[in-house]
Amino acid sequence: MSTNVIGKSITRPDAYDKVTGGKKYPVNYSLPGMLHMKILRSPYPHAKILSIDTSEAEKVAGVRGVLVPDDVPKQYFTPVYFVPHNAPSMVQDFVLMSDTVRWAGQPVAAVAAVSEDIAEQALELIDVEYEELPTVFDPEEAMKDGAPQLHEASPNNIAKAPSFAFGDMDAGFEEADHIFEGVYETQRVHTCYMEPRVCVVDSDTDGRLTVHSSMQHTFGLREKLAYALDIAESKVTVVKPTYIGGGFGGKLDIGFIEGLAALLSLKTGKPVRGEHSRGEDFISTTRNPIKVYLKTGVKKDSTYTARSIRSILDAGAHATHGSEVIMVHGLYGTFFPWKCPNQLWEGFTVYTNNMIGGGYRGYGAPQGCFAVESQNDEICETLGIDPIEFRLKNTHREGDPHPVLEGHKLASYKIEDCLRQGAERIGFDKRKPAGSSTEVKKRGIGFACHPLWVSGCVGFPDIYEHSGATVKLNRDGTADVISACVDLGSGQISMLTAVVAEELSLAPENVRVVYADTDTAPFDAPTHASRATYSAGLATKAAAVETKKRLFQAAAAVMEANAEDMVLEDGMVMVKGAPDSAIPMTDIIARAESPFIQVGEQGPAPTTIAEKGTIIGSASQAPPSNPSPVGAQFIELDVDTDTGVVEILRVVYSTDIGQVIHPNSAEGQVEGGFQQGMGYALMENLQFDQETGACLSADFLDYKIPTSMEMPANIESIFIDSNEPSGPYGGKSMSEMCLIVPAAAIANAVYNAIGVRITDLPITPEKILKALGKL
Amino acid sequence: MALTSVQSFYSPEDSKGVIELLAKYEDSALIVAGGTFLHGLVSRGLLSGIEALINIQKLGLNQIDVSGATMTVGATTILGQLQSCEQVQKEAWLGAVKDAMTYPPVQIMNSGTVGGSISSSCPFFDFPVTLLALDGNVQAEGGNGARTISLDEFFAGLFENSLEADEFVTGVTIPVPASKSTSAFIKMETNANDLAIINLAVSLSMTDDGSCAGARVFAGGGVGETPVRCSAAEGILSASKLDEDTLEKAGQAAADELDPLSDHRASAEYRKAMGKVLLKRAVTSAIGRLA
Ligand SMILES: Cc1cc2nc3c(=O)[nH]c(=O)nc-3n(C[C@H](O)[C@H](O)[C@H](O)COP(=O)(O)OP(=O)(O)OC[C@H]3O[C@@H](n4cnc5c(N)ncnc54)[C@H](O)[C@@H]3O)c2cc1C
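Chains as they are written, first to last, in numbering that gives the first Met the number 0: chain W, 0 to 774; chain L, 0 to 290.
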């Protein structure tokens with residue numbers, strides 16, 4: 000397909016603004032007379048609040064409002080944005096403030112004051128009397144009879160226990176020539192978005208709220224905030240941030256700040272701002288740790304005969320995302336990516352007195368991929384099978400029915416190209432047998448792939464999945480795009496711009512993604528689940544098509560021709576096959592927007608009723624399918640076997656994302672995804688004091704992520720030539736895949752280097768030395 | 000968390016001004032040089048009750064003098080300036096300083112100061128460990144005049160030093176070795192913005208036949224409240240040929256001398272094991288500088 004803009008890496012419209020300070024980040028938003036909110040948090044992981052005395056805090060000059068749990072509506076809901084507040088797949092166990100504390104860091108009071116310092120001082124004067132309760136931090140302990148119970152409605156602390164099965168497990172394992180068993184564990188990590196969670200909430204005299212917040216979903220925030228405060232949704236206006244400083248799933252649920260700031264604003268009549276410190280961010284969202292018990296039967300010919308999987312997810316104090324993460328982990332992270340005739344998966348979302356979980360790019364799949372791809376490597380190693388052929392034997396093929404979605408096909412699915420081209424680029428055939436180097440620094444090459452993922456949420460019963468946009472043409476030949484799709488930094492502004500520019504034959508600089516809020520824009524589901532390009536891209540394309548239709552109708556009136564015969568090329572509207580008929584589209588727009596007599600260069604001239612009316616089009620629709628991106632990542636690294644330090648030397652990531660809309664952004668996704676994946680694999684770990692439950696990471700001095708200095712100089716992205724028939728211009732999704740595979744790929748490369756396998760993340764230098772028997 | 004108690008910010012032009020302010024405020028004043036470590040202290044609640052900040056950047060203490068028998072580095076010399084110093088780049092005996100300057104991120108190199116690095120009295124920093132291995136001294140000035148404090152006397156505990164309340168650091172001095180010497184430094188870190196899991200500096204004075212005449216070994220970063228001197232390892236290295244066997248023994252001795260802590264960065268066991276590896280590698284690297 001020939002395109003003008005798609006596939007060309009247009010200049011990102013937000014780039015200049017960001018590199019000159021990014022004044023439109025929500026963290027920079029302020030209103031005159033604004034108050035500042037600070038939150039008092041429980042030092043205990045499990046306790047009953049017996050009393051709270053705020054009288055001294057209220058006396059501090061400059062304090063304008065104080066909230067305690069009694070001031071908060073007792074509305075129990077799920078804070079996750081992308082489902083209705085009462086979604087059956089979720090657990091409605093969340094309340095803005097409770098008098099039972101279930102994790103260290105849970106909010107117990109909030110203060111609004113004229114400055115942050117005063118609010119902080121006031122917090123110190125609040126006297127809370129707690130009765131400590133017994134605690135449990137390990138999910139498997141929490142499932143045992145007699146363990147401390149966190150929520151009455153959930154015996155044995157099991158919030159959700161979904162499972163799937165097909166085939167005959169006994170027969171399947173019977174048929175196997177070899178059976179492999181392993182336990183794979185992952186840790187708690189943070190998305191480390193750069194901009195903290197922050198909001199400014201203002202209220203009107205009639206109780207209407209206007210909310211600015213750094214979040215991934217305008218409409219989700221509106222719904223959850225209205226529900227938490229027990230007011231009508233129409234009383235809440237959420238303004239879409241022009242862009243936010245990262246989210247990665249970490250801003251995919253209503254935090255405490257929006258609700259508490261709203262209540263304080265209603266109480267004081269002033270705008271109220273809340274902002275997390277990095278330490279508060281660390282205890283507000285995390286990727287849930289999952290422990291995977293994995294048993295697989297394989298035949299001599301490399302095919303699976305049976306697989307049983309038991310996944311235990313540590314939800315922490317409330318279920319929040321945990322009940323959905325476990326499902327996605329089960330469906331798309333472990334069960335359906337591979338072909339296996341007999342399978343059983345059992346998942347458990349378990350309450351503990353750890354911090355609450357959240358969304359994080361990959362949503363349960365990085366944990367699943369680490370388990371399955373580690374074991375796949377073990378199988379190949381033990382049986383001496385070519386690991387690439389093994390994968391290909393057990394993955395789906397292009398044209399196969401979609402393994403989860405009935406009636407859908409894997410229409411674009413180039414897993415074989417991903418594996419073969421990646422292998423060739425890294426020089427996989429030259430890799431040495433595992434642990435064979437006699438040097439202190441041992442070289443390793445490894446890979447992992449993930450053969451099934453999503454482009455959104457079609458097929459998930461209670462997840463919102465529709466998008467909308469309005470596209471309006473202006474007299475100066477520019478287009479405005481109104482969309483509620485939030486740009487997390489991942490390039491949604493560029494993507495929407497490119498789609499509209501392509502469809503309306505405009506230069507990208509003549510397309511503006513403009514102001515939007517929940518009052519004026521059509522609904523859009525969040526920017527999550529790798530869905531924005533596929534779903535919001537398609538809806539915006541549909542809106543642009545509507546706009547074009549309207550343009551052709553007006554042009555038809557001017558040219559006295561048929562609207563159906565019109566085409567738009569290089570800004571000219573013409574009758575198909577008759578280039579002489581061409582009129583600049585700006586003329587049509589100008590005539591449409593003019594009074595009946597239009598004053599042009601040749602003087603006043605009449606226009607007709609039929610031409611009149613703004614050239615505008617809207618669409619709101621769910622996408623037609625849920626095409627799977629696929630990818631394979633190859634890693635070359637060194638392990639220093641005296642220190643256990645891993646140095647990543649080279650990364651090759653080959654992926655089928657359909658037609659690439661914006662190559663530079665796509666590479667950025669690969670690189671950023673690898674950075675997060677490398678942190679997950681090697682160093683990141685939110686650690687907590689085992690007795691007090693207190694988080695040991697207050698900032699980046701204690702929580703380690705790879706910096707540019709640790710990143711390999713070479714990350715090579717291969718985008719396989721592919722076209723997804725249902726996608727916008729042949730595109731599908733990309734973002735999450737880039738973070739699903741790295742940990743497994745790195746683990747397999749470390750194994751290849753040292754010949755010993757580490758099955759719990761992160762693979763720290765200490766674990767490597769222990770595995771080598773040197774510690 | 001902000002420094003809410005701060006009322007005043009001073010920028011005196013001479014040391015007298017600094018000393019008067021220190022005397023006036025006693026424990027409630029704090030010197031600011033590059034300001035890079037203040038953030039960490041404040042966010043951990045370690046600086047409550049500070050009423051005045053005293054900026055010492057106007058004193059002109061950012062000079063490096065290498066002309067005499069002692070190298071002098073002024074307190075407000077930024078780390079980047081020290082790194083660019085020709086002698087640091089070229090002289091084997093200053094190799095440990097050169098090595099230490101490769102670790103801090105560029106922002107710290109451009110604003111963190113030598114005086115701040117020493118005065119923080121933080122056992123996890125790098126430059127102090129190298130300075131200890133080079134037998135460096137601290138120059139301080141206070142109400143009772145100027146004095147020289149040897150470094151191991153200077154570090155009194157975690158974030159504690161032996162400065163009087165009205166004293167501050169004006170610079171550090173390092174004796175230029177009379178005989179052929181070499182040094183090296185290595186730090187273990189998780190990322191480039193990390194404090195040392197463990198770090199180690201060695202300085203060796205060498206005879207003409209290539210054997211070691213004397214050694215200094217110091218380790219820091221999670222091995223104690225102040226950097227630790229590894230005297231047994233020094234003893235094994237001194238008067239030796241620095242062959243494989245010596246290195247192995249000295250490494251083991253260094254590990255045995257360390258009684259590290261276990262924390263969320265690393266276990267004591269790992270730190271101890273790394274003491275041995277770092278010693279062997281640092282000695283090898285120092286000798287390599289003479290080749
Ligand atoms: C992200 C980051 C990475 C870092 N990486 C490294 C690293 O790799 N290696 C390393 O060694 N260090 C590292 N550091 C620490 C850094 O070296 C120190 O923060 C810096 O040297 C301190 O100097 P400063 O001038 O900024 O001190 P300041 O922050 O101004 O002061 C620090 C302390 O010293 C006191 N002080 C300062 N100057 C004097 C003086 N002349 N007399 C008396 N007291 C004084 C102050 O009162 C304060 O208590 C890092 C720090 C950060 C924030």
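Treat the hints with care, since some could be wrong.
[Unchecked claim] Below, a list of computed lysine to aspartate or glutamate pairs in the EDC-like style, where the Cα atoms sit at most 20 Å apart:
id : chain 1 : residue 1 : chain 2 : residue 2
1  : W       : Lys769    : W       : Glu646
2  : L       : Lys271    : W       : Glu174
3  : W       : Lys471    : W       : Asp518
4  : W       : Lys773    : L       : Glu268
5  : W       : Lys298    : W       : Asp205
6  : L       : Lys271    : W       : Glu765
7  : W       : Lys773    : L       : Asp255
8  : W       : Lys773    : L       : Asp208
9  : W       : Lys773    : L       : Glu256
10 : L       : Lys179    : L       : Asp208
11 : W       : Lys266    : W       : Asp205
12 : W       : Lys58     : L       : Asp255
13 : L       : Lys279    : W       : Glu765
14 : W       : Lys338    : W       : Glu174
Calculated from the structure, these hints are not laboratory results. On a predicted model such as this, the values are computed, not experimentally measured, just so you know.
Evaluated hints:
no., hint, result
1, Lys769(W) with Glu646(W), "18 Å, holds"
2, Lys271(L) with Glu174(W), "50 Å, violated"
3, Lys471(W) with Asp518(W), "17 Å, holds"
4, Lys773(W) with Glu268(L), "11 Å, holds"
5, Lys298(W) with Asp205(W), "70 Å, violated"
6, Lys271(L) with Glu765(W), "12 Å, holds"
7, Lys773(W) with Asp255(L), "16 Å, holds"
8, Lys773(W) with Asp208(L), "35 Å, violated"
9, Lys773(W) with Glu256(L), "19 Å, holds"
10, Lys179(L) with Asp208(L), "11 Å, holds"
11, Lys266(W) with Asp205(W), "12 Å, holds"
12, Lys58(W) with Asp255(L), "58 Å, violated"
13, Lys279(L) with Glu765(W), "19 Å, holds"
14, Lys338(W) with Glu174(W), "16 Å, holds"
Hint violations for this structure: numbers 2, 5, 8 and 12, all remaining hints satisfied.
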